[in-house]
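Student: First to last, the protein sequences are chains V, X and P. Residue numbering for the first sequence follows the numbering used here, starting at 1 and increasing by one per position. Residue numbering for the second sequence follows the numbering used here, starting at 1001 and increasing by one per position. Residue numbering for the third sequence follows the numbering used here, starting at 2001 and increasing by one per position.
The set of hints was computed from the structure by calculation and includes no laboratory data. From a predicted model like this one, the values you see are computed outputs, not experimental measurements. Glycine included, every Cβ here is placed at the ideal spot set by N, Cα and C. Accuracy of the hints is not assured; some may be wrong.
Example chain P residues on the side facing chain V (calculated, C-beta under 10 Å, incomplete) [unchecked claim]:
{"id": "1", "residue": "Leu2007"}
{"id": "2", "residue": "Ala2009"}
{"id": "3", "residue": "Trp2011"}
{"id": "4", "residue": "Ile2015"}
{"id": "5", "residue": "Thr2022"}
{"id": "6", "residue": "Leu2033"}
{"id": "7", "residue": "Leu2043"}
{"id": "8", "residue": "Asp2069"}
Here are the simulated DMTMM-like pairs of lysine to aspartate or glutamate, each with C-alpha atoms no more than 25 Å apart in a straight line [said to hold, decoys possible]:
{"id": "9", "chain 1": "V", "residue 1": "Lys163", "chain 2": "X", "residue 2": "Asp1090"}
{"id": "10", "chain 1": "P", "residue 1": "Lys2113", "chain 2": "V", "residue 2": "Glu161"}
{"id": "11", "chain 1": "V", "residue 1": "Lys163", "chain 2": "X", "residue 2": "Asp1027"}
{"id": "12", "chain 1": "P", "residue 1": "Lys2113", "chain 2": "V", "residue 2": "Glu160"}
{"id": "13", "chain 1": "P", "residue 1": "Lys2113", "chain 2": "V", "residue 2": "Glu410"}
{"id": "14", "chain 1": "V", "residue 1": "Lys163", "chain 2": "P", "residue 2": "Asp2105"}
{"id": "15", "chain 1": "P", "residue 1": "Lys2113", "chain 2": "V", "residue 2": "Glu463"}
{"id": "16", "chain 1": "V", "residue 1": "Lys163", "chain 2": "V", "residue 2": "Glu458"}
{"id": "17", "chain 1": "V", "residue 1": "Lys163", "chain 2": "P", "residue 2": "Asp2025"}
{"id": "18", "chain 1": "V", "residue 1": "Lys163", "chain 2": "V", "residue 2": "Glu464"}
{"id": "19", "chain 1": "V", "residue 1": "Lys163", "chain 2": "V", "residue 2": "Asp511"}
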Amino acid sequence: MDTARLLPLVVAVPLLGAAVLVATGRRLPRLVSDIVGCAFAAVTAATALLVLFRAGRPGPGAYPVEWVSGWRRVGIVLVGDPLGAGLAALVSLLVVAVLVYSWRYFEEPPRRHTGSFPALILVFQAGMCGFALTGDLFNAFVFFELMGVVAYALTGFRVEEPKPLQGALAFGVVNSLGGYATLLGITLLYARTGELGFAQIGRRLDTEGPDGLVLAAFVLVTTGLLVKAAAVPFHFWLPDAHAVAPTPVCMLLSGVMVELGVYGVARVYWTVFSGPGGLSHPDFTRALLVLGVLTALLGAAMCWQQRHLKRLLAFSTVAHTGLFLIGVAVLTPEGISGTALYVLGHAGVKAALFACVGVLLDRYATVDEHELFGRARELPEAGALFAVGGLALSGLPPFGSGLGKAVAEEAAGHTAAWLPALYVLVSAVTGGAVLRAGLRIFAGAGRRPRDGEEDEPETTGEEEPETGGRLRRIPVPLLAVPAALLAASLAIGVIPAVGSAVGRAGALFTDTGGYRRTVLDGHAAAAPAHPPPHWQLTGILLGLLSAALAVTLATLAVRRPARTGTAALLAPVRRLQSGHIGDYVAWLVAGTALLTVLTVPGVR
Amino acid sequence: MSARARLWVFLVGAAGFAALFAAACFDLPAFGTVPHPYGVRAVRAALSHHTANVIASVNFDLRAFDTLGEETILFSAVLGTVVLLRQARDEHRTDPEPAVVHPRVRRFALLTLPFALLVGLYVIAHGQVSPGGGFQGGVVAATALHLLYIAADYRALERVRPLALYEIGEAAGEAAYVITGLAAVLAGSAFLANVLPFGTLATLSSGGTVPVLNAAVGLEVASGVVVLLARFLDQAVEIEEPGEDGGSPRGSGDSGGNGDDERERA
Amino acid sequence: MTVLPYLVAGWIFLIGVYGLVTSRDLIHAVGCLAVTQSSTYVLLLAVGYRDGGTAPVFADAPTDSRVVDPVVQALALTDIVVGATVTALLLALVVQLRKRHGTVDPDALSELKG
């Protein structure tokens, strides 16, 4: 079959699977519904990989473009460029991992609702794949909302507890609001250009000069995507939602959904706004760089302060999203391919870390670093995985996260010489926080940490296990899945073919003219010449440096658990994370204004 | 943040937003005179496929993929609500109380019910020729069923509402949409391509796959809305709050009131 | 004034957000979110309007009559479905939240902070 014909199937197959599960769910035993869910997810993953391999073949040649419904230039277009297809494949593979992880042990709602969890996960998969593949702005909004609706429901899945409901509600309100801002922006673009496809809007915009309307459209469209990407000051929902969502859902939210927000910003900018009628490159770089640096610093600082393990990992996701935004902000093919590698590596590592935390939760009914002190000495395998995950998160070569960090920080260094230092610092602090928690929990190292003052803003980690009861023995999938995810992350760093494929994907992604010609005129976009991203000595040294820093930070923190001045310094920042929906909404509007100020030309 | 600080953050942000949006408005083409390249192409495309209702053509032919996403949003929201409003481990069910209804209300509701149901089905079936379609008609049909709750009581509604069947109907509607799309692929066209004969403009059989997809959506929406409302009504009428929350102010009479709210919302 | 319909959309957006920011009741907040969303309906339909245009349905009208833009109307339909479903889902969360916390006041929710 023609490769392009396969593109809509990546969305259709999981939807069919979800419909089958809902129709038959009441009658199927748990085992069968798990098998059905995994099978549909796996078929989707195979389809996405097939598209990726055909689209990613090196050499000249266009990538697959499919006009759904057969309406050329009137309907909706799906574009299987290597980066989009690669993200769809990443999403699908992670969904398979998550379904295997929750295989049988994850407690689903009792009676009459068997199959609703895998069904929701399959719809989530369809939404994320559709978002990655679409070449149409309004269609992207539809998939953005689809991801959102499923994610809110999955976040609030454990209704017996109060925390998940609060987190899901904040998530739902803030993300919906961001989505509506995006739709306002889409409407403005439609009013100006009378088009909805990325390529068509971009071409039309370039026939006129930029003005207030184009700026407003950019700010509004980007607002929704940055909410999804959890950039400061749109990030408040993320820690609240990630701390409370069931572990398998956290793996997807942190591993790929947030990154899709970053992808959306990059895709929309390159295809729609990067021409002369859009937003100038320096303006975009300035705006995104400021937000990215703020996000990375704030995420790292907050990450270090957490004792609730899922919240700690959630803030590390915020920090890394900041780094991804910086990689996109520098507007070079190297920045894009470095960030893409980083996202690939990070997805495996972060999902593996969440999976390890899930094991702790199911075994001890808590994810609190202080309460778990020394208790998990009996779980050496989980401890080893957790430690490896922490090191990989800090960018240790030869993990994929390390390679991505090395390539992205080198690309960022060309824009500002101090940016590599930020990459090292942020990955060292987040990796160090994970290692600190690991040393305390799995090794009982250092002194038992003391609890802070009563009035300090802090979320502790007592929760109900997600299995029917506390686990006595750890089932194989709960450890095999994180091990496989870490191995995959390692493979991304050591297999040279991955690097060169991602390099080509980055070059094609940033070729705006080529994208528009491929989509609208059917001309083959020749991949521009490029050196493939690979390990370089500076990158290896900086990776080793941040890993060493992470270990040092963790050791120091464990040895001297006394609270230092940093905690007092950061207390006002922590108070902003108040859990109050009104606060988060106010910050969202303020963020829109900030983005406006940053993008208005002349404000330098 | 204090309420005051929150308001200040909002006001500063709102000022920026207002300036940005106003600037955009003054750059927009004047109201009513906009050239619409996509709109013109859509009208031409709809007429070439003999679909009199251009909006239905956009929704179910040109941009049928959007509508697949839209239908799935409804599908997953219903699924999500079913999961979120499930009977929690610490809750139990009570049978609904029989309710006394004024005879005139009863007569009126029973009289309107078949009429409303028919209107719903009509709107679904005529989506390609007149305003309406699967979404609109589906909601009308589902609401019609709930007139029984007004005419009699929750027990009467439960008797004509085997939820398992409606859940299957919802999934079948979703599956039918996807399968119609896949059938076009098997026929050698693009996914969701309009491969059926187009018929005569402005007749019931016109539009090719548009009426088929409309029917699929109609089935999904009608069943989905019934399931959705059932979950909210269950919360109001049947499910008792957890034992340890016994001191809560919401009694059974109050719950009935909430049920009414939901009914009005529908 | 020809920009008034557009400006109204911006006003509705901000007034809805103001309601969200100052809300003391989560059901009210979900309602405010729906208000905010109606700004997108207004803007979509305002953008699609054409002077003297009729509804884009050619059942009785001649096929060359001037019609308003059908695309934005289709988009508005999608938008409405999105809004209704999000509202339902959020209300379901509020119902459960009320049961677990005994309150719908956002100021009283304090499980997650820092």
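Student: If a hint holds in the structure, say so; if it does not, say that too.
Tutor: Hints versus structure:
1. Interface hint at P:Leu2007: violated, since its Cβ lies 13 Å from the closest Cβ of chain V, which is beyond the 10 Å cut-off.
2. A cut of 10 Å between beta carbons decides the hint on P:Ala2009: the least distance to chain V is about 7 Å, and the hint holds.
3. This hint is violated: P:Trp2011 has a C-beta 12 Å from the nearest C-beta of chain V, more than the 10 Å allowed.
4. Given the 10 Å rule on beta carbons, the hint for P:Ile2015 is violated: about 12 Å separates it from the nearest Cβ of chain V.
5. Interface restraint check: P:Thr2022 against chain V, minimum CB-CB distance 7 Å, threshold 10 Å, status holds.
6. Proximity of P:Leu2033 to chain V holds as hinted, the smallest CB-CB distance being about 6 Å (cut-off 10 Å).
7. Interface restraint check for P:Leu2043: the shortest CB-CB distance to chain V comes to about 5 Å, inside 10 Å, so the restraint holds.
8. For P:Asp2069, the suggested interface contact is upheld, since its CB lies about 8 Å from the closest CB of chain V, less than 10 Å.
9. Distance check on the hinted pair: V:Lys163 and X:Asp1090 sit about 17 Å apart at the alpha-carbon level, within 25 Å; holds.
10. Proposed proximity of P:Lys2113 and V:Glu161 is supported: the alpha carbons are some 16 Å apart, at most 25 Å.
11. Proximity of V:Lys163 to X:Asp1027 is assessed by CA-CA distance (about 45 Å); at most 25 Å being required, the pair is judged violated.
12. As the CA atoms of P:Lys2113 and V:Glu160 are separated by approximately 20 Å, the hinted pair is consistent with the 25 Å bound.
13. The hinted pair formed by P:Lys2113 and V:Glu410 fails the criterion: a straight-line CA distance of about 36 Å is larger than 25 Å.
14. For the given pair, V:Lys163 sits about 15 Å from P:Asp2105 by alpha-carbon distance, which is consistent with the 25 Å threshold.
15. With a CA separation close to 16 Å, the supplied pair P:Lys2113 and V:Glu463 stays within the 25 Å bound.
16. For the given pair, V:Lys163 sits about 14 Å from V:Glu458 by alpha-carbon distance, which is consistent with the 25 Å threshold.
17. For the hint pairing V:Lys163 with P:Asp2025, the CA-to-CA distance comes to about 18 Å; that is within 25 Å, so the pair holds.
18. A C-alpha spacing of about 11 Å is found between V:Lys163 and V:Glu464, which places the hinted pair at or below 25 Å, so the restraint holds.
19. Taking the CA atoms of V:Lys163 and V:Asp511, the gap is near 45 Å; set against the 25 Å cutoff, the hint is violated.
The structure is inconsistent with the numbered hints 1, 3, 4, 11, 13 and 19, although it conforms to all the rest.
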